[in-house]
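Got chain A sorted already, so can you dock chain B onto it with the hints?
2 protein chains.
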Amino acid sequence: MTTPIVLVTHAAPDDIRIAIVKTFGLEADVRFLPDLSVSERAFSIRNATAVLTYDPFSDLGREEMARLECCGLIQCLTAGIDYLPLSQIPPNIPIAYNAGGFAEPMAEHVVAMTMAGSKRLAVEHRLMQQGEFNQFVPTKRIAGGTCGILGFGATGREVGRLMRGLGMRIEAINRSGRTEEAVDFIGTLEDTDRILTNADVLVITLALTKITEGLIDEDRLSLMKPDAVLVNVARGEIVDEDGLYNHLLAHPGFTACLEAWWIEPVRHGRFETKYPFLDLPNVIASPHNSGMTEGTVLIGVCRGAENVLRFIRGDEPRFVATEDIKMR
Amino acid sequence: MTTPIVLVTHAAPDDIRIAIVKTFGLEADVRFLPDLSVSERAFSIRNATAVLTYDPFSDLGREEMARLECCGLIQCLTAGIDYLPLSQIPPNIPIAYNAGGFAEPMAEHVVAMTMAGSKRLAVEHRLMQQGEFNQFVPTKRIAGGTCGILGFGATGREVGRLMRGLGMRIEAINRSGRTEEAVDFIGTLEDTDRILTNADVLVITLALTKITEGLIDEDRLSLMKPDAVLVNVARGEIVDEDGLYNHLLAHPGFTACLEAWWIEPVRHGRFETKYPFLDLPNVIASPHNSGMTEGTVLIGVCRGAENVLRFIRGDEPRFVATEDIKMR
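Residue numbers (this note's numbering), protein chains in the order written: chain A, 67 to 394; chain B, 67 to 394.
For reference, chain A alone in the conformation it holds in the complex (with noise of 0.2 angstroms):
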């Protein structure tokens, strides 16, 4: 039996490289397609078992991914390949994402962002520079109250653990409604409007797909509590845009927390916003950079290749995508 050759598409850096290799050992011989000359890239596209990648279509391209004869799995980096044009994937070849690649720092950042809207730190910060000094404007507690996790998968249920850690009750919301994490409310999607009722914090965590798209719009942020915290790490549509905009306008008290944008430079090209969410007092903002802190590049990369070789190994892949994983 000849060993699987895994064919990582891009230009990794030396540690990335390292840990990646140590990750299969004897299990694969493990190409990187930037160092192959013109034939040994033809022979390792057409022998590959499984590709390693960010993106198989800009590294690789339609007519060499029509020629992955032997790939049996694409496992893509990234946590979510909403942005890769999925429905052109060789209907053959099972697409894996990396759910959870980058729990923990993403955990970090909603903790950062949800802390920050609740003891109104840039309100503060703005209002001391204009000569005022509120001691005595009081700030939202955290312990005691409710965060709702609307995706309860690993980056969820590591939101979660932080959040109860710094005393929050915990609603979650997953595919089976069932988990065995420490809750205090578990359920589907169709517990929605449940989560967003009780929730003084709210983080989404869901993948985007047909069902999740547009999921809270206007009506739906109409139930949450006027001071309410609203975290996105995971996609700008699964928030509806215009929705979002005029609920702020009309709830000075409530804070937006916005990780992920609906128009941003790894899938549009650009980053852009409809209406000038970044001058609201009630909005904080960061450039959809969770999940990265120092190392987590490389813990991301090897839980990747970790899956590939759970593949290699002849079980079953985790998070392949299915057909209602949005489809471009």
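Careful: at least some of the hints might be erroneous.
Claimed, not checked - Here chain A is said to cover these stretches of chain B; the calculated rule only asks that three of the stretch's residues, wherever they fall, bring their Cβ under 8 angstroms from a Cβ of chain A: (1) 176-184; (2) 190-201; (3) 207-217; (4) 220-234; (5) 358-371.
As the list claims (entries may be wrong) - Coverage of chain B stretches by chain A, computed from C-beta distances (three or more under 8 angstroms per stretch; other residues unrestricted): (6) 327-334; (7) 339-351.
Hints were generated in silico from the structure; no laboratory data involved.
Since we're looking at a predicted model, the values are computed, not measured.
Ideal placement from N, C-alpha and C gives every residue a C-beta, glycine not left out.
Relative to chain A, chain B alone:
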């Protein structure tokens, strides 16, 4: 035996009055100064066993304080009392401060500032407004880092619990060099340099005393990691204002989260800084409001009242000011 009189010197709102009266039950005759007639006032001052107050100098004045003939304890309701002219308190009356009265909301505020600084929220929000979208500039990871805590009283310990929950190592100092809390290191003021050297996050919750004034000067700051986050929720004077400003200019990766200021309204009648700290990108400012969340004034008052109850029952009251508490 007559019921001891406890004199509350300020115009407390109803919920706080009720809570104070309930704390003492039948064990004290609680009197609220603003309710009293001239003769009742004179009688109550002469016969009060204890005084519960935010500021005995403004509510009673020196003349009436001199008539506190039976008073064995002046219990202040603020966590620090360095702003009072303590040397003018009748020398025979112990004065207690409300240490840790606002420990939980203050600890949450520390987490908020720490995380906002570590995740560069204000910095990146501003850059986004200028059109930058730094998706791949790493931010600081919290888990696995070291949180140094200068002052391990009720507030410091609560900070330690929350930070440990976020995965940080805890190194702290207090007066005794001992603690029952789960820490990775506990020491005394003599270990300050070690704490500064190791800290990814440094939290100051010390009381302002003759010893702690100016403790964190430019030399000490130079021991710290260039990307550390300093959080001062104690008193401005513990950090040298010139030294900190110079350090922030020289180390743009270093963040100062300033909740306690050198010149601020309650203590000095105005807010003022010697340098434009509020305009530095590596400063997060809040208006000394860390203790102010819904319901915490009530909790703080009850803790003060409980200390008075302890005294009335013949136990040693806690947090009686000693000579080293800074005197004006």
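Tested hints:
no. : hint    : result
1   : 176-184 : holds (count 6)
2   : 190-201 : holds (count 10)
3   : 207-217 : holds (count 3)
4   : 220-234 : holds (count 3)
5   : 358-371 : holds (count 5)
6   : 327-334 : holds (count 3)
7   : 339-351 : holds (count 4)
The structure meets every hint from the earlier list without exception.
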